[in-house]
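Full structure from sequences and hints, please.
Using my numbering, you'd call the opening residue of the sequence shown number 406 and step up by one each time.
Just so you know, these hints were derived from the structure itself, not from any lab.
All the pointers check out, no bait thrown in.
Under the rule of at most 27 Å between Cα atoms (straight-line distance), these lysine-lysine pairs were calculated in the DSS-like manner:
1) Lys685 with Lys629
2) Lys720 with Lys620
3) Lys681 with Lys585
Here are the computed distance ranges between Cβ atoms for each label pair:
4) Asn421 with Phe723: 45 to 55 Å
5) Asp528 with Val474: 33 to 43 Å
6) Glu614 with Gly655: 17 to 27 Å
7) Ile512 with Pro537: 21 to 31 Å
8) Leu551 with Asp667: 39 to 49 Å
9) Ile412 with Asp514: 20 to 30 Å
Only a predicted model underlies this, so the values are computations on that prediction, with no experimental measurement involved.
Just so you know, even glycine gets a beta-carbon here, dropped at the ideal spot from N, CA and C.
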Amino acid sequence: MIQDLNINEFLNFLKNPRKYCLITHRNADIDALASALVLREIIVRLNKLNEVYVITPEGIDSISKNFIVNLGIPYNIYDDSSFEGSCDTFIVIDSASREQLGCYSHISDYVLIDHHVVNNLVDNALIRLYDPSRKATSEIVSLLLLTIGGDLGSEYLTLLIGGILYDSRLLQLADGTTFKILSDLIMLGGNYDRARSLLIRKSQIDYSERVARLKGMSRLGIYKSGKYLIAITCVGAYEGNVLKVLIDNGADVGIAVACRDDGLRITVRVSEDVVKELGKPLGGLLASYIANNLSGSGGGHSLAGGSYVRGVTPKELFQYL
Numbered sequence: 406m407i408q409d410l411n412i413n414e415f416l417n418f419l420k421n422p423r424k425y426c427l428i429t430h431r432n433a434d435i436d437a438l439a440s441a442l443v444l445r446e447i448i449v450r451l452n453k454l455n456e457v458y459v460i461t462p463e464g465i466d467s468i469s470k471n472f473i474v475n476l477g478i479p480y481n482i483y484d485d486s487s488f489e490g491s492c493d494t495f496i497v498i499d500s501a502s503r504e505q506l507g508c509y510s511h512i513s514d515y516v517l518i519d520h521h522v523v524n525n526l527v528d529n530a531l532i533r534l535y536d537p538s539r540k541a542t543s544e545i546v547s548l549l550l551l552t553i554g555g556d557l558g559s560e561y562l563t564l565l566i567g568g569i570l571y572d573s574r575l576l577q578l579a580d581g582t583t584f585k586i587l588s589d590l591i592m593l594g595g596n597y598d599r600a601r602s603l604l605i606r607k608s609q610i611d612y613s614e615r616v617a618r619l620k621g622m623s624r625l626g627i628y629k630s631g632k633y634l635i636a637i638t639c640v641g642a643y644e645g646n647v648l649k650v651l652i653d654n655g656a657d658v659g660i661a662v663a664c665r666d667d668g669l670r671i672t673v674r675v676s677e678d679v680v681k682e683l684g685k686p687l688g689g690l691l692a693s694y695i696a697n698n699l700s701g702s703g704g705g706h707s708l709a710g711g712s713y714v715r716g717v718t719p720k721e722l723f724q725y726l
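If you want it as structure tokens, here you go:
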């Protein structure tokens, strides 16, 4: 039986001594990572007998690494290939489909904490703390933290602020609740200016990301649907960053395809103007639509989505698109 829990009920659930695995989506962004790291601290504070492991399939993205290094937060994080332990309870964080969970896509019993409007994991979660009205999963975890008093160091509070800023597009998607949560985090010692500067700082792009961006542009196909420009490309990594470049340079919708051993990973980005004009969570809807029509799974929110399909070649996918 699925249980929808409120904040206090969820905190009571976490008090039971267990071995927890907190699993984010692949290549965890700062919203996913902040949510997982702070939730780990909450669980340990609720019961010191708890064992908690943070697992980020395929690691974390460059912005997340920048935050961890600059805030001095211990890097006690496993990717899906380095964790060899066992868990009593899996908590899936900031993920919208099974295919985002890497080698943990097979888990059947899990708890879910998420905010994505289009989410294929919601219906099968044993317990869920799910609020699609929130702009970031970091907001939901912040409410957990604030309910128990918010007794964490400034670095973790600043990390949560970074997660909220990232997924709210530097507050462009924020509402009154978002600002209230940010205000509470700042009052407790979170550093808004530092979080914002870490988010927008122009750091040197890794060589591998530069290669991915150039490959993405060299393989680019540009299509028109009505008045909208759709850019489709094929890259093996950094799909989100490649698509950001395409959206920033005029695409209304960007789709990147990455070949994997057993299928295709599809990443979708949509411009804010198109989302505002159509009034729909287009990123998640497109990712889910593509996946459902090709026997895969996918989801997301208004500006971004992702899906995974098996048994389909790139040529077949492009013909479908």
